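Starting from the known structure of chain A, fit chain B onto it as the hints suggest.
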Amino acid sequence: MNSAEVNERIRTLIEPFNKKGIAIEDATTFAGDLEFDSLTVMDFVAEIEDEFDVIISMNQQAEIENWGQLVAAVHKLQDS
Amino acid sequence: MNDASTVSATKSAVSERDLLSKFDALIEERANFLSDGRADPINLVMEQVLSPTRAICNGRETLLLGTYNYMGMTFDPDVIEAGKQAMEDFGAGTTGSRLLNGTFRDHRDVETALREFYAMDHAMVFSTGYQANLGIISTLAGKGDYIILDIDSHASIWDGCAMGNAEVVPFKHNDIEAMEKRLKRVPEGAGKLVVLEGVYSMMGDVAPLKEMVRIAKENDAMVLVDEAHSMGFIGQHGRGVAEEQGVIDDVDFIIGTFSKSVGTVGGFCVSNHPKFEVLRLVCRPYVFTAALPPSVMASSATSIRKLMHGGNKRAHLWENSRTLHQGLRDLGFTLGTDTAQSAIIAVIMPDLEKGAMMWEALLKEGLYVNLARPPATPAGMTLLRCSLCAEHSAEQVTTILGMFERAGKAIGII
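Read top to bottom, the protein sequences are chains A and B.
Oh and the first sequence: position 32 is 32 in my numbering, straight run, nothing missing.
Oh and the second sequence: position 217 is 217 in my numbering, straight run, nothing missing.
In short, the hints are calculated from the structure, not lab data.
Warning: the hint list may mix true and false statements.
[To be verified] With a straight-line cut-off of 20 Å between C-alpha atoms, the simulated EDC-like cross-links for lysine to aspartate or glutamate are:
hint : chain 1 : residue 1 : chain 2 : residue 2
1    : B       : Lys22     : A       : Asp37
2    : B       : Lys143    : B       : Asp159
3    : B       : Lys184    : A       : Asp79
4    : B       : Lys172    : A       : Glu49
5    : B       : Lys172    : A       : Asp50
6    : B       : Lys172    : A       : Asp53
7    : B       : Lys181    : A       : Glu47
8    : B       : Lys172    : A       : Asp37
9    : B       : Lys184    : A       : Asp53
10   : B       : Lys217    : B       : Glu177
11   : B       : Lys217    : B       : Asp250
12   : A       : Lys76     : A       : Asp50
13   : B       : Lys184    : A       : Asp43
14   : B       : Lys181    : A       : Asp43
15   : B       : Lys143    : A       : Glu63
16   : B       : Lys354    : B       : Asp78
17   : B       : Lys181    : A       : Glu63
18   : B       : Lys181    : B       : Glu211
19   : A       : Lys19     : A       : Asp37
20   : B       : Lys181    : A       : Asp50
21   : B       : Lys184    : A       : Glu51
22   : B       : Lys184    : A       : Glu47
23   : B       : Lys181    : A       : Asp37
24   : B       : Lys184    : B       : Asp159
25   : B       : Lys275    : B       : Glu211
26   : A       : Lys76     : A       : Glu5
27   : B       : Lys275    : B       : Asp252
28   : B       : Lys364    : B       : Asp40
Quantities reported herein were computed from a predicted structural model and do not represent experimental measurements.
Next comes chain A alone, as it looks inside the complex (with noise of 0.2 Å):
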């Protein structure tokens, strides 16, 4: 799967947890601008696991503060 089809499946996957509608960019934050808390993280993270079968550990989503760098890692897991 190449980075424009990873990015158009999180997009799907990330419709029920973004309420206010934001549009999202590669910079867009969940922390800032989604306004995500821990417990939607852990949701929308699992979401994610199940659908591409790939763990992303607590140490990998410190590392990941913006859209584009989740479709980045989430691309390279499922490569590897």
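Showing chain B alone in chain A's frame:
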């Protein structure tokens, strides 16, 4: 340095970045919370403790329903006597690490008592339960290993994970399928540690250990279970939820504490692992701290051996828990579990404001419970946590229900 230079050093520090400023929001929130003169839920002082179930707080007698004194051992005459004797014979403290000068007769004896209690080969005593989790988890799972754990795990478990630098993979609370999926995704060849709790202390619910331990073993993971809130009264011998559900032989490490049913202070790990003793050399929170005082060790050993024969008390604690649970339900309160699964009954409050009002109303009635709030609680809930004691009489439980009814109606929750 003379006085004048101390003053100037302090003054110049003001212009530097204040490392405490990151807590400003919390300082303000707390000031606001207390501004209307309400009682402070985290600064209650027990001016006198009369028994495991009664104390004097704010000058008045208060029924205790928010301690972890499940088996009421704090005032057991044998437990107190053993501690007094050890203090007279061995002194007030150890002034040293277990590895150096801090192992006295009673440190060995309490580890023997634990091996007897759990029928396991090895036992290692830490200064607190927090340190037991911190030490064992961080030492077992290091860089490159994977820890699969329940998202509602206790802070000491999370801190142990962080300290060891392992890859940390949480799963949804008590969700067997979510746990299994994550275990199966761990890269081949990596070390795996599954960390579970017998009883989760916020809601008082029990883990499906039977299935979870089986799945962990099928996936070649080692299993650690924290049984802090079950020791002494869950399972045929009081060994905890793993015993109750018939999987204790497949659990590699059990973590526990003396600060709940045992009624003293200290933490421990018991195990049948043949290489267990090496942990005494490599576990930093065990090595680099002072051993507990001999009086605490002697009291703990006596208490643990008495808990082995505590069948009647155990039955009464269950009676109390079920009666309180049913009674609160009948009054119309929302509870954390459908039935009483442990000695913790969590009453769910609509919000922090109402929860704090209810907590204060109960205190004025003469009842102490725990007010629990985020981040300690799951899903942002505010809880009034009630924990029962085997020394609560049936009459006290009836009294408690009356207090809840009056306070709940006054606040408008029921």
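Okay, the hints, checked on the actual structure:
Taking the CA atoms of lysine 22 of chain B and aspartate 37 of chain A, the gap is near 18 Å; set against the 20 Å cutoff, the hint holds. Of the supplied pair hints, the one linking lysine 143 of chain B and aspartate 159 of chain B holds, its CA atoms being roughly 15 Å apart against a limit of 20 Å. Of the pairs offered as hints, the one joining lysine 184 of chain B and aspartate 79 of chain A holds, with about 17 Å between alpha carbons and a cut-off of 20 Å not exceeded. Only pairs whose Cα atoms come within 20 Å are accepted, and lysine 172 of chain B paired with glutamate 49 of chain A is accepted, the gap being roughly 13 Å.
Restraint check: the Cα-Cα separation between lysine 172 of chain B and aspartate 50 of chain A comes to about 13 Å, which is no more than 20 Å; the hinted pair holds. Between the alpha carbons of lysine 172 of chain B and aspartate 53 of chain A the distance comes to roughly 16 Å, so the proposed pair stays at or under 20 Å and holds. For a cut-off of 20 Å, the pair hint linking lysine 181 of chain B to glutamate 47 of chain A stands: about 12 Å separates their Cα positions. Among the hinted pairs, lysine 172 of chain B with aspartate 37 of chain A is consistent with the structure: their alpha-carbon atoms are about 15 Å apart, no more than 20 Å.
Annotation: proposed proximity of lysine 184 of chain B to aspartate 53 of chain A holds, straight-line Cα distance about 10 Å (limit 20 Å). Straight-line distance between C-alpha atoms of lysine 217 of chain B and glutamate 177 of chain B comes to about 15 Å, which keeps the hinted pair within the 20 Å bound. For the proposed pair lysine 217 of chain B and aspartate 250 of chain B, the alpha carbon gap of about 8 Å is at most 20 Å, so the pair holds. At most 20 Å may separate the alpha-carbon atoms for a hinted pair to count; lysine 76 of chain A and aspartate 50 of chain A meet this at roughly 16 Å.
Taking the CA atoms of lysine 184 of chain B and aspartate 43 of chain A, the gap is near 19 Å; set against the 20 Å cutoff, the hint holds. With a CA separation close to 15 Å, the supplied pair lysine 181 of chain B and aspartate 43 of chain A stays within the 20 Å bound. Annotation: proposed proximity of lysine 143 of chain B to glutamate 63 of chain A holds, straight-line Cα distance about 17 Å (limit 20 Å). For the proposed pair lysine 354 of chain B and aspartate 78 of chain B, the alpha carbon gap of about 43 Å is over 20 Å, so the pair is violated.
Among the hinted pairs, lysine 181 of chain B with glutamate 63 of chain A is inconsistent with the structure: their alpha-carbon atoms are about 23 Å apart, more than 20 Å. Using a Cα cut-off of 20 Å, the hinted pair lysine 181 of chain B and glutamate 211 of chain B holds, with the two alpha carbons roughly 14 Å apart. Between lysine 19 of chain A and aspartate 37 of chain A the CA atoms are separated by roughly 13 Å; this keeps the pair inside 20 Å, and the hint holds. For the hint linking lysine 181 of chain B to aspartate 50 of chain A, the alpha-carbon distance of about 8 Å falls within 20 Å, and the restraint holds.
Pair hint lysine 184 of chain B plus glutamate 51 of chain A holds up; C-alpha atoms about 15 Å apart against a cutoff of 20 Å. Taking the CA atoms of lysine 184 of chain B and glutamate 47 of chain A, the gap is near 16 Å; set against the 20 Å cutoff, the hint holds. Note on lysine 181 of chain B and aspartate 37 of chain A: the hinted pairing is violated, with a Cα-Cα distance of about 24 Å set against a maximum of 20 Å. Among the hinted pairs, lysine 184 of chain B with aspartate 159 of chain B is inconsistent with the structure: their alpha-carbon atoms are about 24 Å apart, more than 20 Å.
About 27 Å separates the Cα atoms of lysine 275 of chain B and glutamate 211 of chain B, which puts this hinted pair outside 20 Å; it is violated. With a CA separation close to 13 Å, the supplied pair lysine 76 of chain A and glutamate 5 of chain A stays within the 20 Å bound. Annotation: proposed proximity of lysine 275 of chain B to aspartate 252 of chain B holds, straight-line Cα distance about 11 Å (limit 20 Å). Taking the CA atoms of lysine 364 of chain B and aspartate 40 of chain B, the gap is near 13 Å; set against the 20 Å cutoff, the hint holds.
Checked against the numbered hints above, the structure breaks hints 16, 17, 23, 24, 25 and satisfies the rest.
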